[in-house]
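Chains A and B, in that order, give the protein sequences. No gaps in the numbering here: position 130 of the first sequence is 130 in UniProt numbering, and each next residue is one more. No gaps in the numbering here: position 309 of the second sequence is 309 in UniProt numbering, and each next residue is one more.
Don't read these hints as lab results, they were simulated from the structure. Not one of these hints is a red herring.
Cβ-to-Cβ under 7 Å is the rule here; a few derived chain B residues that face chain A:
id: 1; residue: Glu52
id: 2; residue: Ala356
id: 3; residue: Lys357
id: 4; residue: Asp464
id: 5; residue: Leu468
id: 6; residue: Ala479
id: 7; residue: Val557
Straight-line distance between alpha carbons at most 27 Å, and here's what the computed DSS-like set of lysine-lysine pairs gives:
id: 8; chain 1: B; residue 1: Lys549; chain 2: A; residue 2: Lys116
id: 9; chain 1: A; residue 1: Lys118; chain 2: B; residue 2: Lys549
id: 10; chain 1: B; residue 1: Lys116; chain 2: A; residue 2: Lys549
id: 11; chain 1: A; residue 1: Lys463; chain 2: A; residue 2: Lys540
id: 12; chain 1: B; residue 1: Lys549; chain 2: B; residue 2: Lys463
id: 13; chain 1: A; residue 1: Lys357; chain 2: B; residue 2: Lys463
id: 14; chain 1: B; residue 1: Lys116; chain 2: B; residue 2: Lys281
id: 15; chain 1: B; residue 1: Lys540; chain 2: B; residue 2: Lys463
id: 16; chain 1: A; residue 1: Lys365; chain 2: B; residue 2: Lys365
id: 17; chain 1: A; residue 1: Lys281; chain 2: A; residue 2: Lys118
id: 18; chain 1: A; residue 1: Lys331; chain 2: A; residue 2: Lys259
id: 19; chain 1: B; residue 1: Lys486; chain 2: A; residue 2: Lys486
id: 20; chain 1: B; residue 1: Lys118; chain 2: A; residue 2: Lys549
id: 21; chain 1: A; residue 1: Lys463; chain 2: B; residue 2: Lys463
id: 22; chain 1: A; residue 1: Lys357; chain 2: B; residue 2: Lys389
id: 23; chain 1: A; residue 1: Lys463; chain 2: B; residue 2: Lys357
id: 24; chain 1: A; residue 1: Lys549; chain 2: B; residue 2: Lys463
id: 25; chain 1: B; residue 1: Lys357; chain 2: A; residue 2: Lys389
id: 26; chain 1: A; residue 1: Lys540; chain 2: B; residue 2: Lys463
id: 27; chain 1: B; residue 1: Lys540; chain 2: A; residue 2: Lys463
id: 28; chain 1: B; residue 1: Lys549; chain 2: A; residue 2: Lys549
id: 29; chain 1: A; residue 1: Lys259; chain 2: A; residue 2: Lys365
id: 30; chain 1: B; residue 1: Lys549; chain 2: A; residue 2: Lys463
Example chain B residues on the side facing chain A (calculated, C-beta under 10 Å, incomplete):
id: 31; residue: Ile58
id: 32; residue: Pro342
id: 33; residue: Asn353
id: 34; residue: Arg401
id: 35; residue: His402
id: 36; residue: Leu403
id: 37; residue: Val457
id: 38; residue: Ser545
id: 39; residue: Val555
Glycine included, every Cβ here is placed at the ideal spot set by N, Cα and C.
Number of protein chains: 2
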Amino acid sequence: MIHGELSAPPELAPGALRIFALGGLGEIGRNMTVFEFGGRLLIVDCGVLFPEETQPGIDLILPDFGPIRDRLDDVEAIVLTHGHEDHIGAVPYLLRLRQDIPLLGSRLTLAFLEAKLKEHRIKARSLDVVAGQVERLGPFSVEFLAVNHSIPDAMAVAITTAAGVVLHTGDFKMDQVPLDGRITDLNGFARLGDAGVDILLVDSTNAEVPGFVPSERDIIPVLDAVFLRAEGRIILASFASHVHRIQQVIEMAGLHGRKVAFVGRSMVRNMGIARDLGYLKVPGGTIVTVEELNGMPDDESVLICTGSQGEPMAVLSRIANRDHAISVGPKDTIVLASSLIPGNENSVYRVINGLAKLGANVVHKGNALVHVSGHASAGELRYVYNIVKPRHVIPVHGEWRHLRANAEIAHSVGIDLDRIILADDGVVVDLVDGRASIVGYVPVGLVYVDGASVGGVTDAALKDRRMLGEEGFISIVAAVDMIESKVVAGPEIHARGLGLDEQAFDEVVGRVRVILEESLADGVTDTYELQQRVRRAVGKWVSTSHRRKPMIVPVIVEA
Amino acid sequence: MIHGELSAPPELAPGALRIFALGGLGEIGRNMTVFEFGGRLLIVDCGVLFPEETQPGIDLILPDFGPIRDRLDDVEAIVLTHGHEDHIGAVPYLLRLRQDIPLLGSRLTLAFLEAKLKEHRIKARSLDVVAGQVERLGPFSVEFLAVNHSIPDAMAVAITTAAGVVLHTGDFKMDQVPLDGRITDLNGFARLGDAGVDILLVDSTNAEVPGFVPSERDIIPVLDAVFLRAEGRIILASFASHVHRIQQVIEMAGLHGRKVAFVGRSMVRNMGIARDLGYLKVPGGTIVTVEELNGMPDDESVLICTGSQGEPMAVLSRIANRDHAISVGPKDTIVLASSLIPGNENSVYRVINGLAKLGANVVHKGNALVHVSGHASAGELRYVYNIVKPRHVIPVHGEWRHLRANAEIAHSVGIDLDRIILADDGVVVDLVDGRASIVGYVPVGLVYVDGASVGGVTDAALKDRRMLGEEGFISIVAAVDMIESKVVAGPEIHARGLGLDEQAFDEVVGRVRVILEESLADGVTDTYELQQRVRRAVGKWVSTSHRRKPMIVPVIVEA
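Bound-form chain A, shown alone:
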């Protein structure tokens, strides 16, 4: 287990395989792993990361394409393990750089991706594959293996080159009785393991969680009890890609004589796709429009919507804030059939509190088994290690604490510590003569998408935002005549976010005027120097008088 300050990697030895991640190690999201062999590159997944509160105003965070930007012509293909945003969301941004990179993935994965590419007006070359299929992509032979996850049609990939075999699990768990009967292909894992797997890249998300993830089916009796007790309307929020969860709700609605409507753009779109492709099975007449649902008795209706993470603009938040056509009251039941992504607690509880205050009965994972995770827990990971018997392990998909916990699981089933590689984004691992080791580092950072800008917003801009957001700003404006050495307009003070009365500034306006006049009289003619003097005076005043540290923006213009 190594990590530290590393230098640029050496040239890749002939016949060796190189692996590095441009995102997804040490964080949850923006998964993207690059494989290099014989001068060619293969990319597995290309996802986005969602910002947290220290990254205000940011829409998305992309993997850093920097290390491969000059080598896009060497890319054989992008292989997508499944259709979640953190695995496919950055594909449009990569295709903007080279549109004809072939995309490989299962039908549902590619269908969700197509919808996204359409929004970006990108027409891609894509090839849908099924579990069991093997594709030759330049020097890479890629076998796709079925895995079970919180979205249908997920796959692991085994990548074979002359250097050896790498098995990448993607996101997975091992529900032994999944709704679609498609279980994680342990037989395939075993076959590969018996033949010899040089490196196993393993999902770490739930490595800290002991035991086994319950089956998706274990939710059925809980939903049944909720439906049985519900007197009024049922509103259920979930992830817009969780086809099996929605399938269960639709079936439960049928059993209890309720009709179902979808609300929310992504929910409507994804369920349409899943239904068209046969992943979502809907008995005739079960699904109605929201308008039709509104004409029905409350106790015959179910609304399925987005907003389970407390997103302020989503339907559920707006209902909780009484800012939506749908109103809820004491007879209604709200179900948040979803995980609670760390960092979203305050938003989610704000929604739950709002709904509870309106009298609704709120069922969520904190008080009922209405969600099971999509990622293998520690118990499942042990099975995988024992079946695959990998020569090396690289824990992937997780924050550092998850990677570390996964490393400990690998070690607990007998894998030597020096064969477990904990790597950060950009850390380069080479497989040479059957031995994998860290050989260097390629610089990768966070690439922010904000409005139309990709990569333009830097950490310095975010630091400014955090300062402005915590303290507000004071702007001091004056126009000076350098020749006459006098202030011809202002000083005026404009402050936002401070919560101070206008009169509070009277004192300091006078002080600034004196400073400007004295400085001009002393022969200062540099506006930058004048601005610095004003900045210091105002900063000192607001810190002493009000114990604040706003951003101070002096603007001295020459008339």
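Dock chain B against chain A, hints included.
Relative to the frame of chain A, chain B by itself:
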């Protein structure tokens, strides 16, 4: 269970008791309940609330003293149930309005409060009381009852007036084998219950959690295992007021031949107080200074510090960021022996990831039983309801979801729904002729402390901060000569937090100049109107060209 838009309460009937909260209902923190009888007021607790991410830059949130501001002379006393910030933190701010209000509480509670009052340079009148004691405070007779909580010396209060008996649990749980042997006084609760309790105010914090809180002692074997396995230094973070938790760590250190040092201002101060008063028992020679500890072998030392909530300036965060004299490596063990307060997840996990990356073994409530809650779970609450047999219940201390869950527990043990009162802050409940009901509402809001300002920062200022924090601002400055109808200086553009190049603004600067010149030529002489025109133009440009919505601050000064 009622709640809604209410009008001002009627005059209080003679012989009736009035209860309303100025904070602490529908939120966790700033607990403060006012009791009124015969024209006199009694206050139970006066705490602060800590801000969340939608309240950037705010230091503290106080209860709204507005409804009693004109009646401070009627206040008989402030009764404090225990020494946590959310119960005592706002006392200095109330005493600023009337310094001689008597304070009653246990010794430890008052000692923690004194330290705080000293910082505010306030000298208070205080009376320490012990469990079992009864104090006459004007028309109120107040009995103090021992309760068990995550701080020693916590108490419930029974308030008797001619109108009836109210039992207020404060924060409590029911550890049956607490470290100090001081169990929640169920015998007292039973005696009061048998005599008749008109209203029970009950801690709701853990009402959503089924079962019973494990004993503080259940942590011992876990700590023992941690100490046994630890090869290097042990660093343990906890709340600075959790005397019993720290007691256990000190004893464990003794058993394993390690010395203990405290780091962090509040930890050092509180443990000093607790030790002086005999609440913390320290075998001779166990405690050393940090300097002494640094001279000892790692495997003979334990550092106890603050920062268990991921506070960025606390010792633990700084160690994780390698920004502290204490460095950790692969042999060291870090223990977060604390809860994870909702909203702090990202900060806490950031610290855990940082420490894990340095190679340290991080033990926290997510992977070991190193914390037990201080609040009664659903199982314990049922005991209390059945023992007290209250005529009415008002769930307190919790977000709305907790109050509601507590109401359901009360109902499940046979209390009629119309005797369970769910009230928001400011909702007024009168107890008249043995019957309690909601009679009106007194307006209460959130009072923000920011630097030297108490109540000056409004929600409008916070809205500005949020906008600035997400989008930054563009300031456009120009000086105009109204007589000559010309622009004499500028326009200049200053932007912060946008992450746009300076050249990006060239185009719009020209456009603003044209707008100003044309407007002046058209005879516009109102700077406000000029500013509006500039604002619209710049807003439209940045939205169209960059898909951003920063704050736009046009400043046109007259030269």
